[in-house]
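Participant: The lines below spell out each chain.
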Amino acid sequence: MSWGLDDVRVSRGGSLALAGATVPADPGRITVLVGGDGAGKSTCLGVLAGLIEPAAGFVRRPAKERIGYVPATGGIYADLTVEENLAFFAAAYRLPGAERRGRSAEILRQTGLAGATTRLGGQLSGGMQRKLAVGLALLHEPELLILDEPTTGVDPVSRAELWRLISRAAASGTAVVVSTTYLNEAARAARVVLLAAGSVLASGSPEDILGGVPGLLGSSADGARPAELSWRRGASWRVWAPAGRLPDGARQVLPDFEDAVVVAELGRELAGHGSEQEG
Amino acid sequence: MGILAESAAVCRRFGSFTAVSGVDIAVSGGEVVGLLGANGAGKTTLIRLLLGLAEPTQGTVALFGSLPSIATRRRVGYVPQTLGLYAGLTVAQNWSFTAAAFGTHAPLPARIAGWRRELVGGLPLGAQRQVAFAVALSHEPELLVLDEPTSGVSPLGRARLWEEIRSAASRGAGVLVTTHYMEEAEQCDRLLVMAAGRVVAAGTASQIVGGRTVAEARCEDNNRAFTVLDEGGIAVQLLGGAVRASAEPGAVSALLSGAGIDADVSLVPANLEEAFVDIVTSRAA
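In order, the protein sequence lines correspond to chains A and B. So the first sequence is residues 1 to 279, counted in the numbering used here. So the second sequence is residues 1001 to 1285, counted in the numbering used here.
Just so you know, these hints were derived from the structure itself, not from any lab. All C-beta atoms in this analysis are idealised placements derived from N, C-alpha and C, irrespective of residue type, glycine included. Hints are supplied without guarantee of correctness; some may be wrong.
A short, non-exhaustive set of chain A residues, derived as facing chain B with CB atoms under 7 angstroms [what the hints assert, rightly or not]:
hint: 1; residue: Gly36
hint: 2; residue: Asp37
hint: 3; residue: Gly126
hint: 4; residue: Pro156
hint: 5; residue: Val157
hint: 6; residue: Ala160
hint: 7; residue: Ala171
hint: 8; residue: Thr181
hint: 9; residue: Asn184
hint: 10; residue: Ala187
hint: 11; residue: Arg188
hint: 12; residue: Trp231
hint: 13; residue: Glu258
hint: 14; residue: Val261
hint: 15; residue: Glu265
Every beta carbon over 10 angstroms from chain A, so not counted as near; a handful from chain B, in silico [what the hints assert, rightly or not]:
hint: 16; residue: Thr1018
hint: 17; residue: Val1033
hint: 18; residue: Thr1090
hint: 19; residue: Phe1226
Using the sequences and the hints given, assemble the complete structure.
Facilitator: Below you can see the structure in the form of structure tokens.
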């Protein structure tokens, strides 16, 4: 069974927080939602988890007890120990006794928290808290795992461990939807959905998104800004030529995710939807 | 251009905990230096030492050639992780407050003027970052210190903040940036990697990666290959439509063929993130 959102709209305070979002969530695959603050990532995940009522569109999700959801902050009880957190979630998911012990031991092993069972959730490092939160959401072996920015603010070492947990869940058949602001994490996905200001800018496999960048992309040496549609990349400039004509002195380069997303956002501004003020 | 901030064998201990241990660092005008490290590696403490916000237990620190002081700090623009804005004041009030503190008279930049009457605390995080950035640049500092400057900012917003960082550097300012984004680290002229209070690697992004390699396996069923390698005790990840493992290709091939998986396994250069994890975890072990 395939889960996900089809053309979902969410209104908030008279305006559209989500203007028709389609987000696939297939068993055994990872879908990554990419976008900055305010792009609509959390809203998509909230609708998928059944926490936000959409104004229009279709939502396909398994029964509530077959979903694992980790919000952007929290997802653990700070004043319970690691062991108590596991016991609480196991009871909430109504896991039978034997399964409860087996799954708890497995989650402790996978998260590397076996040596920290008596520590309070709130006393764990940021990376350990996120690993515990993801582990708790996996305790009942959900069919759909929904993670809201699990790696934001987490250092690269803990991030690699978190992705191993997430990939393991997908490899065992779970449908996973993860949001992130780290563009290189899109390369970990089977499907990528780029969001900005509540709209889907692009959607597809990582290769589709890179291959779908319109026009030409160039690199230009340090110095003055080479063209209107350009941005910094290290000491050099990137130039986007939507009509396919790069300025003199620019060397054509193949786009990466950073480029693809910047181009998508610039394209949106050009079409008159964006604003300079957007965060 | 000359050295703006430097430390020699600087150490900082808190009780029995050594946060920074024997670090030598120098940031010159015109360059962008990236400071990478896991949480708790000592990055923020090192920045506080360089700015004179913390005293070294041992070693020395110089800011513009002398001990850090209020006079030298005037020449620095600092954006802490917590942004350093007054959440209960409007954008215009924050701007005027900083202008009064530094004795400058610059008008509110157009890029943030649209929010002039908004309370900073009510703006989205990405917008708050842009305001903090503009405020930190308002007195044309010679040294810019940015602690995770673009966390939560959209990619286009991040590209625009980097345009400002780069134009400050091309005007001669030195820039010291901490970040967890590898895309952002690759924008720096050179990098310092910290682990457990020490600098464990330094150089350009490609020097940090060095000759490091990983094994990349391409096959029909990535999920099965991932599971086989993971259960075989190999640090493995799904990336770019392939399975990448920090192991010898021979060992990867053996495990996969043992499980009946037909895969093309090749040795490929590690990316900066893989190199970073390798450097930091081998140091900690």
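Participant: If a hint holds in the structure, say so; if it doesn't, say that too.
Facilitator: Hints, verified against the model:
1. Gly36: holds (2 angstroms)
2. Asp37: holds (4 angstroms)
3. Gly126: Constraint on A/Gly126 satisfied, holds at 6 angstroms.
4. Pro156: The hint holds - A/Pro156 has a Cβ within 7 angstroms of chain B, the shortest such distance being about 5 angstroms.
5. Val157: holds (5 angstroms)
6. Ala160: holds (5 angstroms)
7. Ala171: Status holds, d = 4 angstroms.
8. Thr181: holds (6 angstroms)
9. Asn184: Constraint on A/Asn184 satisfied, holds at 6 angstroms.
10. Ala187: holds (5 angstroms)
11. Arg188: Interface hint status for A/Arg188: holds (6 angstroms vs cutoff 7 angstroms).
12. Trp231: holds (4 angstroms)
13. Glu258: Hint on A/Glu258: holds, closest Cβ of chain B at ~5 angstroms, below 7 angstroms.
14. Val261: The hint holds - A/Val261 has a Cβ within 7 angstroms of chain B, the shortest such distance being about 4 angstroms.
15. Glu265: holds (4 angstroms)
16. Thr1018: Since the minimum Cβ distance to chain A is about 18 angstroms, B/Thr1018 lies beyond 10 angstroms and the statement holds.
17. Val1033: Given that every Cβ of chain A is farther than 10 angstroms from that of B/Val1033, nearest at about 13 angstroms, it holds.
18. Thr1090: Consistent with the label, B/Thr1090 stays out of reach of chain A, its closest Cβ about 15 angstroms off (over 10 angstroms).
19. Phe1226: violated (5 angstroms)
The earlier numbered hint that this structure contradicts is number 19, and it is the only one.
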